[in-house]
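Trainee: Take a look at the letters that make up each chain.
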Amino acid sequence: MAMKGKNCVAIAADTRFGIQAQTVSTKFQKIFELGPRLYIGLAGLATDVQTVSERLKFRVNLYELRENRRVKPKTLLSVVSNLLYERRFGPYFVEPVIAGLDDVTSEPFVASLDLIGCPMVTEDFVVSGTCSEQMYGMCESVWSPDLDPDQLFEAISQALLNAADRDAVSGWGAVVHIIEKDKVTTRTLKARMD
Amino acid sequence: MECLIGIRGKDFVLLASDSVAGRSVVAMKKDHDKMFQLSSKLLMAVTGEGGDTVQFAEYIAKNIQLYRMRNGYDLSTKAAASFTRRNLADYLRSSTPYMVNLLIGGHDDNDGADLYYMDYLGSMVNLPFAVHGYGSFFTLSIMDRYYKEDMTKEQTLALLQRCIDEIHERFIVNLNSFKVKIIDKDGIHVLKDIRPTTKPPVEAEGTQQQQQLMDTA
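Those sequence lines, one after another, are chains F and U.
If you read the first sequence in my numbering, its first letter stands for residue 1, the second for the next number, and so on.
If you read the second sequence in my numbering, its first letter stands for residue 195, the second for the next number, and so on.
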């Protein structure tokens, strides 16, 4: 999930990699950095999470080499949408969320897409995954506009932890990135490992 | 019905695979080696669809060797595993996907010992210990309990013995021998096959008395 705050954004994910009921790894990376203040989180089939992040990094690298500047969050949304829609009739089973600050204006940005690339930009938060309904409920309760970075960290952490605890296949560890104008703070949460 | 076990120790990786080669309900060969050498310090254990296993393993092994020939040095474990993952993921959505699950264990000068778990869809994870197959249901909890970082070879072999004993105890399929290999800074070493510890048969309570009655009658 990702949330907007006052001049900052936060993105968080659990770290479980499982095959149906069996948990294989508790340190699986689902959030990837595509720029100093631009992150994408991918929920869904693990192999497609890895493939899409690799292919996306390739496209972003080429973009940055050609344009000689960093990609804007809004543009990244279009790049991901294009990548996913190319596979309209044999899609990648991922649901991305994007969180970042614009490179020039430092304006916060959050967005999400479905597995075939339908983009959705919101003013508050975005969620994706098996416990998306639980996350919607939690986010709606804990989020309010213009939270500062520390309040935003508390809000997104509580939202993720409690939503994941109500889903049998989510959880087993969590990681949160708080993206501000001058720094990115990454914290691993102490989560229920069950 | 096949089982692959991998455990990372202090600067080495231990890979074990069951040695039964079966088709349907028949055990065709009891001393089959499911591990393929990719390079001097890279080993891949493979299970899955018959044919796919050997074809895919040899394809990857030859490509790793080609890289070495072209560039003069070996690929790192992480790079070789990523290359393997890319191939599996690319073939997944083709008309000829490979149905193989694998464990890649290797040793680098830079990163030390590494163990990678990969399933047939191409999801890859770096793990301290990993198991493929039904055996995973019996052994992962044992490893969660007894595994520690930086174990010695003896400790790792003891842990492996525990796992194999549990599989022998509770898994309905008889996997009674495992091929074991270790990869460390000096290369790949083949160890002796490991079998489950034989325990004396447990007699049910009444049978001794029954036997005595039968003898006297």
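No lab work stands behind these hints: they were computed from the structure.
A quick note: this is a predicted structure, and the numbers were derived from the prediction, not measured.
Ideal Cβ positions, reconstructed from N, Cα and C, are used throughout, including at glycine.
Wrong hints could be hidden among the right ones.
Said to hold, decoys possible - Some, not all, of what chain F presents toward chain U, calculated at C-beta under 7 Å:
(1) S25
(2) Q29
(3) A46
(4) T47
(5) C118
Trainee: Hint numbers the structure violates, sorted upward?
Mentor: 2, 5
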